[in-house]
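J.: Place chain B on chain A using the hints.
Line by line, the protein sequences are chains A and B. UniProt numbering numbers the first residue of the first sequence as 1 and each following residue consecutively. UniProt numbering numbers the first residue of the second sequence as 1 and each following residue consecutively.
Calculated from the structure, these hints are not laboratory results. Treat the hints loosely; a few may be bogus.
Partial list, derived from the structure: chain B residues whose beta carbon lies under 8 Å from chain A [claimed, not checked]:
(1) Leu214
(2) Asn217
(3) Ser221
(4) Val223
(5) Arg225
(6) Val228
(7) Glu232
(8) Asp233
(9) Glu238
(10) Met240
(11) Gly241
(12) Pro243
Have a look at the derived ranges for each label pair, beta carbon to beta carbon [stated by the list, open to error]:
(13) Val171(A) with Arg144(B): 27 to 35 Å
(14) Val34(B) with Gln138(A): 44 to 52 Å
(15) Ile150(B) with Asp293(A): 37 to 45 Å
In this text, a Cβ means the ideal position worked out from N, Cα and C, and glycines have one as well.
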Amino acid sequence: MSEDVTAADQPEVPAEGGIVAEVARMSPAELAAHEAEVAEAVAPDREIEVAVGDTLLAMQDVTLQFGGLVALDSVNFEIRRGEILGLIGPNGAGKTTCFNVMTGVYRPTSGQVVLEDRPLGKRKRHEITQLGIARTFQNIRLFGEMTTLENVVVGADARHKTSVLGALARVPRHHREEREAVERGMALLEFVGIADRAADKAKNLPYGYQRRLEIARALATEPKLLCLDEPAAGFNPAEKEELMGLIRKIRGDGYTVLLIEHDMRLVMGVTDRIVVLEFGKKIAEGVPAEIRDNPAVIAAYLGVPDDGAA
Amino acid sequence: MNAHHTASPPAKVSGMQTMRDKWNSLSRVQQWAVLIPLVVLIYLLPVLNPPLLTTEPNYNFPIAMFDVARYALIAIGLNVVVGQAGLLDLGYVGFFAVGAYVAALFTSPDSMLHKLPYLAVLPLAVVVTMFFGVILGAPTLRLRGDYLAIVTLGFGEMVRLLADQVPALRGNSGFQTVGHPPGTRADGTALFNQTDGKPWYWLAVTLVIGVLLLVGNLERSRVGRAWVAIREDEAVAEIMGVPTFKYKIWAFVIGAAIGGLSGALYAGQIGFVNNQKFDVTTSVLFLAAVVLGGSGNKVGVMLGAFVIAYLPLRFSGIAEYKYLIFGLALIVLMLFRPQGLLGARQRLLAKGREAYQRLLGRPEQISSDSSLVAEPGKEAGA
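Looking at chain A on its own, in the form it has when it is part of the complex (with noise of 0.2 Å):
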């Protein structure tokens, strides 16, 4: 539908390396229209809604508390598909274990998670990811001893139907599943731009390529939301904006992104809305350029009101 704008610059392959640049450089809108030429070589069988539409995901009056402590109070906030939510707000205001409570780690104590109303529940945390809620670490926690690739393929099998029995014959489902995991794999390492250490230990990669091997690892499970917990921590400035270059190009492709980060540029660019969390209470929702100029974010979370934007 969009070919015009990529086929003009990228006769090949939608997914190279070129196009992060590319896409940081474009307008939401055009990005919108950009998206399904991407898309396919990532997600072929995905169904497209980029469009920022329904809910996707609510947190509904969501309390969680350890003893005493009331980590969240009372969240309300809803994720619409197609959109690019940021979750900010100071250190242990529960931005983590809002992703806690999404992907099962924690119960909430009240209230409910709801994916496309469907409460969460009681459910484990294997099922919530087929659910398709998909997200990275904040402190890189990769499988270690195996390859880039291997990492990646174990998020793909949650998708994949093949029994233990069905392993152990080598039944035809299993050579065809192995073989579209590998192929989507190798994908998707090219998508984040870390292919060329696909056969490395993942231990062994450079820090920016572990972080970007998470989102990858992540996407692989086909998400319908997929949660990034700072993914730009210790990055620098060019690192960050190729990291949103990445987030805008991995919306594209259809998914609906929940983005936790500390870098304020980084979430006024890249976030289509913003929640500001503050121990554990939502203090504040809207577009990055109400959360900007909101007096309560500035008092909790920004400090001094001139700096709202650095």
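T.: Just chain B, lined up with the frame of chain A:
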């Protein structure tokens, strides 16, 4: 594509690593061309009875080789649990004992149940030990690390004490004349008897090869990946969609099945089962074979089994000090080579290798790609 091997960084290359790389770069046919003569040689070992390798006159060489093969089988099974899935099992001898007792109960005339031919008992032993694997695994696999080790230790002891206390299991007096596979020689004696180890050795090696192929199938599938993911980081594996409990149970059950198989094999060869052979020390010896050889590496654990089973028989002078020597060897090994003699493999998935080489075969794309993204990696790493 060779020109572009420079794209992958030169890792620390050890001798073992280069050998493995060479092996992996061979085609399937070439690998078989090496493997088949090797396998034939292994089968012929007790017949050849090579002068330096032989354990005679102190110990019958074919029986010694059978013991080695039996240990190899055990090590492969325990490696699934400990090496692949990373579940420390100190009671593996329990499964071995269950297998041996199943064989004894159903074939020894001392038992009321001796109705079955020996060859039917082998699969039965596998099924029964798998059942025990579920029984032990279901309640305990929610535990991790040290706690799991202690519970499995208890399981091993429970099996031994049951053999002591339950009258039907005949405690110390045990079961005589456990069955053996059919077949007679020209002189009318049984093909499989207690004095000639060769047929038993061949049976054991055949089982080892079969089990190796099946376990290899699992390792090179989503099951093996799930096990390694669990070993690496169980919480993350679960969040990445791995049903960890299910795969841990499977690791336990498959390990148990192989342990039971080797137990039944052992009972048949030795012809006698009582409660004296299944103590904690034996469990630790099994574990030592795995750790010594290289936890997570099938060839490595077989090497470890060889060391553990063969050396005391070959050098009978050291036999009574074997625990001392193995203990020292393990300490030295953990200091200088904690991954074991042959460490766990680092290899790309079979199909991934092809995909990766296809990628390297396209210089114009990969070079532009990597030159763009290599920078941030380097900077961040620095």
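J.: Give a verdict on every hint.
T.: Comparing the hints with the structure gives:
Taken as an interface hint, leucine 214(B) checks out: its beta carbon lies about 6 Å from the nearest beta carbon of chain A, inside 8 Å. With a cut of 8 Å, the hint placing asparagine 217(B) at the interface with chain A holds, because the nearest CB-to-CB distance is about 6 Å. About 4 Å separates the beta-carbon of serine 221(B) from the nearest beta-carbon of chain A, less than 8 Å, and the hint is met. Interface hint status for valine 223(B): upheld, as the beta-carbon distance to the closest one in chain A is roughly 5 Å, under 8 Å.
Proximity of arginine 225(B) to chain A holds as hinted, the smallest CB-CB distance being about 5 Å (cut-off 8 Å). Interface restraint check for valine 228(B): the shortest CB-CB distance to chain A comes to about 6 Å, inside 8 Å, so the restraint holds. Among the interface hints, the one on glutamate 232(B) holds; its C-beta lies about 4 Å from the nearest C-beta in chain A, closer than the 8 Å criterion. Hint on aspartate 233(B) holds. Least Cβ distance to chain A is approximately 6 Å, under the 8 Å limit.
Hint on glutamate 238(B) holds. Least Cβ distance to chain A is approximately 5 Å, under the 8 Å limit. A least Cβ separation of about 5 Å between methionine 240(B) and chain A falls short of the 8 Å threshold, and the interface hint therefore holds. Interface restraint check: glycine 241(B) against chain A, minimum CB-CB distance 3 Å, threshold 8 Å, status holds. For proline 243(B), the interface hint holds, since its Cβ comes within 8 Å of a Cβ in chain A; the closest pair sits about 5 Å apart.
The beta-carbon spacing between valine 171(A) and arginine 144(B), approximately 32 Å, falls within the hinted interval of 27 to 35 Å. Checking the proposed 44 to 52 Å range against valine 34(B) and glutamine 138(A) shows it holds: the Cβ atoms sit about 47 Å from each other. About 59 Å separates the C-beta atoms of isoleucine 150(B) and aspartate 293(A), a value inconsistent with the hinted range of 37 to 45 Å.
Of the numbered hints given earlier, the model fails hint 15 alone.
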